[in-house]
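Number of protein chains: 2
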Amino acid sequence: MTRTDSMPAVLERARDLVGPSLRRAIERLSPELRPLATYHLGWSDADGRPCGGDGGKGVRPALSVLSAEAVGAAPVFGVPGGVAIELVHNFSLIHDDVIDEDAERRHRPTIWSLFGIGRAVIAGDALVALAQQVLLDPGVLALGEARLADPPTAVAAARSIADATAAMIAGQALDMAFEAVPVVDVEGCLAMEAGKTGALLSCAASIGALLAGAPFGAIEALSSFGMELGLAFQAVDDVLGIWGDPASTGKPAFSDLHQHKKTLPIAAALAGGGPRAEELAALVATPELSSAEVARAAELVEACGGREVAESEARRRLGAALGALERAELRPGPCEELCEVAAFVVERQH
Amino acid sequence: MTRTDSMPAVLERARDLVGPSLRRAIERLSPELRPLATYHLGWSDADGRPCGGDGGKGVRPALSVLSAEAVGAAPVFGVPGGVAIELVHNFSLIHDDVIDEDAERRHRPTIWSLFGIGRAVIAGDALVALAQQVLLDPGVLALGEARLADPPTAVAAARSIADATAAMIAGQALDMAFEAVPVVDVEGCLAMEAGKTGALLSCAASIGALLAGAPFGAIEALSSFGMELGLAFQAVDDVLGIWGDPASTGKPAFSDLHQHKKTLPIAAALAGGGPRAEELAALVATPELSSAEVARAAELVEACGGREVAESEARRRLGAALGALERAELRPGPCEELCEVAAFVVERQH
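So the sequence lines, in the order shown, correspond to chains X and R. In our numbering, each residue carries its 1-based index in the first sequence increased by 55. In our numbering, each residue carries its 1-based index in the second sequence increased by 55.
Please note that a few of the clues may not be correct.
One copy or two, it doesn't matter: identical chains are merged, so the pair holds either way.
Distance condition first, Cα-Cα at most 25 Å in a straight line; then the derived SDA-like pairs of lysine to any residue [to be verified]: (1) Lys306 - Ile172; (2) Lys112 - Phe233; (3) Lys112 - Val238; (4) Lys306 - Glu82; (5) Lys112 - Phe271; (6) Lys112 - Glu384; (7) Lys306 - Arg214; (8) Lys306 - Val131; (9) Lys306 - Arg83; (10) Lys306 - Asp205; (11) Lys306 - Gly327; (12) Lys112 - Leu338; (13) Lys112 - Ala128; (14) Lys112 - Glu343; (15) Lys112 - Glu333; (16) Lys306 - Gly173; (17) Lys112 - Gly268; (18) Lys112 - Glu242; (19) Lys112 - Arg68; (20) Lys112 - Gly388; (21) Lys112 - Ala340; (22) Lys306 - Leu72; (23) Lys306 - Asp71.
Don't read these hints as lab results, they were simulated from the structure.
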């Protein structure tokens, strides 16, 4: 992505810090798996030639580094967690693209559409196994003696990632189940999003502190910050999934409506009742929608207040995230940067 | 599968011991994921109704339990490892069926062919994440205070599984790459099989000892036993993949030749050279083979000595596995049972 003036400086700083370790971890993959991973990450093209991409905004590594700094630890304490979470995040993107049959991501063909479903499945599998190795085997990142977590801390960190991964997978399975039912209530929708998006951001925002041996209260506050931020992130994503500009998002217009996703704006619009909600329900239940029908469905979601619900949910969750940071004694500088990242996530257009 | 007289008693004993914990772990899956897992394991039918299946022979849990007993520990030390490895093994089966487009396993439709590719992908993902939780979070199995691994042991066990999982995935990726090339040498083929099959059996055969805090020498001997057994297992699998009786294996006749797998008998047959090897090479390079061509290819593999190479490799690796057990001081009773399991694996017909 292009750097904009609104992008917090910490994203670049965290990328410089975490990036080399992420590359070192990817180097451990076998020659059959590595090109798939580097293609997905935007580091190489379809023929394996290096190219200048950097794969995503790097919000998760930034949170991981800041969570170490927020408890007064050196930023390097956030590196193993940042690498592991970035690997789990990319595992989920690769498999989600297979599941959703999305042919493009970040304006490039997805792994499955270029190399086949089998290779996308195995590439995702490789990243999730590597994520655990990063936390359990200090030899993978070779950050030096000083950065070896003691065994109880390594267990806690690996468990935090395993739990977040399991919650994310359960959220994705719920999202898939929602596609097949006519109506989903707002509560169910938020539970799905807490798993699908909140769990990993919650882990990202606390694992640096955890690896630095911070007290429970600080880890809990940072973890809550991440969960609330995840729900804000997802509410924004849901708005972009319907009304996002295809030129920015890289997805087709009204993408989520085409795919029969039951995201927050849709669930909220259907919950309101009345003739417009009924018209929307009928469209949502139609297996294949024409472009005109999808545009009409988007209009109805907005008219039924679904867009406003999601936008206010994003603001409310952002507020709750910032509030969580006040529940523990954290360093003011890193805290300010956490707030900048949070604001960036909620204001983004893609 | 039907119990035969040749089946070692330890398989049933290990199933009784590990089974309840495996069920408890599966219970943790969300309502969307659980029915997929229980269907795959043979515990429920396509509509979620319980049925009497027990999912496979249970070789891995038996090895895990025996590896604890072999170092003089109570069999329960082998339970968390046995559960975790059974989960990883089933994750790999579910994803391999997607990758290989196999529509049947154990005489039942595979998950992807019944519920779709997306659900097979997410079900596999859920099992691999759960495997790590089993080792890192004592609450999952709730085996009681006495069975909590201390943190250094938990790290070693979780790392052992993560490393074995990563090696297995790399082996599978290599297997996929082999399908696209005309010839594979025997050495490359064995390296692929060491990853694809050996790594997880090596982990299974040593993790009980590892969790029981056994000395390095014992863990190493058991780990070698498992690796050699894995290579023997795979050599037998390769023979069954061509000449296995479809009624027993649940796979079509000459299955591996249809799928352009480059297994040991095929690699060995091609390596010999001569006119028959050339005829075989031409057939192997043909994209779609008729039934007559596949039968001819199988005949040529046998005529070129490929079957004999695989069968003698299985015997040789079985011998090496038994030899590895003599390198450490292990309890004679459990050792004898390890040998029984090894013999069973090599003599099996499916």
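Results of checking the hints against the structure:
With identical chains, the CA atoms of lysine 306 and isoleucine 172 are at most 25 Å apart both within one copy (20 Å) and between copies (22 Å). In this assembly of identical chains, lysine 112 and phenylalanine 233 lie within 25 Å of each other by CA distance neither inside one copy nor across copies; the values are 28 Å within and 36 Å between. Within a single copy, lysine 112 and valine 238 get their C-alpha atoms no closer than 33 Å, and across copies no closer than 42 Å, so neither meets the 25 Å cut-off. In the homo-oligomer, the alpha carbons of lysine 306 and glutamate 82 never lie at most 25 Å apart, since the shortest distance is 30 Å inside one protomer and 37 Å across protomers.
Within a single copy, lysine 112 and phenylalanine 271 get their C-alpha atoms no closer than 29 Å, and across copies no closer than 44 Å, so neither meets the 25 Å cut-off. Neither within a single protomer nor between protomers do lysine 112 and glutamate 384 lie at most 25 Å apart by alpha-carbon distance, with minima of 28 Å and 54 Å respectively. In this assembly of identical chains, the alpha carbons of lysine 306 and arginine 214 never lie at most 25 Å apart, being 34 Å within a copy and 38 Å across copies at closest. With identical chains, the CA atoms of lysine 306 and valine 131 are never at most 25 Å apart, being 35 Å at best within one copy and 51 Å at best between copies.
Taking CA atoms no more than 25 Å apart as the test, lysine 306 paired with arginine 83 passes in neither setting, with 32 Å inside one copy and 35 Å between copies. Taking the shortest alpha-carbon separations for lysine 306 and aspartate 205, neither the intra-copy value of 44 Å nor the inter-copy value of 48 Å comes in at or below 25 Å. Proximity of lysine 306 to glycine 327 under the C-alpha cut-off of 25 Å is found in neither arrangement, the shortest distances being 28 Å within a copy and 53 Å between copies. Taking the closest pair of Cα atoms, lysine 112 and leucine 338 never come within 25 Å of each other, the shortest separation being 35 Å inside a single copy and 49 Å across copies.
Taking the shortest alpha-carbon separations for lysine 112 and alanine 128, only the intra-copy value of 24 Å comes in at or below 25 Å, while the best inter-copy value is 50 Å. Taking the shortest Cα distances, lysine 112 and glutamate 343 never come within 25 Å of each other, neither inside one copy (33 Å) nor across copies (44 Å). Taking identical chains as interchangeable, the C-alpha atoms of lysine 112 and glutamate 333 are never at most 25 Å apart, the minima being 39 Å within one chain and 53 Å between chains. Proximity of lysine 306 to glycine 173 under the C-alpha cut-off of 25 Å is found in both arrangements, the shortest distances being 23 Å within a copy and 20 Å between copies.
Taking CA atoms no more than 25 Å apart as the test, lysine 112 paired with glycine 268 passes in neither setting, with 27 Å inside one copy and 44 Å between copies. Taking the shortest alpha-carbon separations for lysine 112 and glutamate 242, neither the intra-copy value of 29 Å nor the inter-copy value of 43 Å comes in at or below 25 Å. In this homomeric assembly, lysine 112 and arginine 68 come within 25 Å of each other (Cα to Cα) only inside a single copy, at 12 Å, whereas the closest approach across copies is 52 Å. Only within a single protomer do lysine 112 and glycine 388 lie at most 25 Å apart by alpha-carbon distance; the minimum there is 21 Å, versus 58 Å between protomers.
Taking the closest pair of Cα atoms, lysine 112 and alanine 340 never come within 25 Å of each other, the shortest separation being 35 Å inside a single copy and 44 Å across copies. For a Cα distance limit of 25 Å, the shortest separation of lysine 306 from leucine 72 qualifies neither inside one copy, at 30 Å, nor across copies, at 50 Å. In this assembly of identical chains, the alpha carbons of lysine 306 and aspartate 71 never lie at most 25 Å apart, being 28 Å within a copy and 51 Å across copies at closest.
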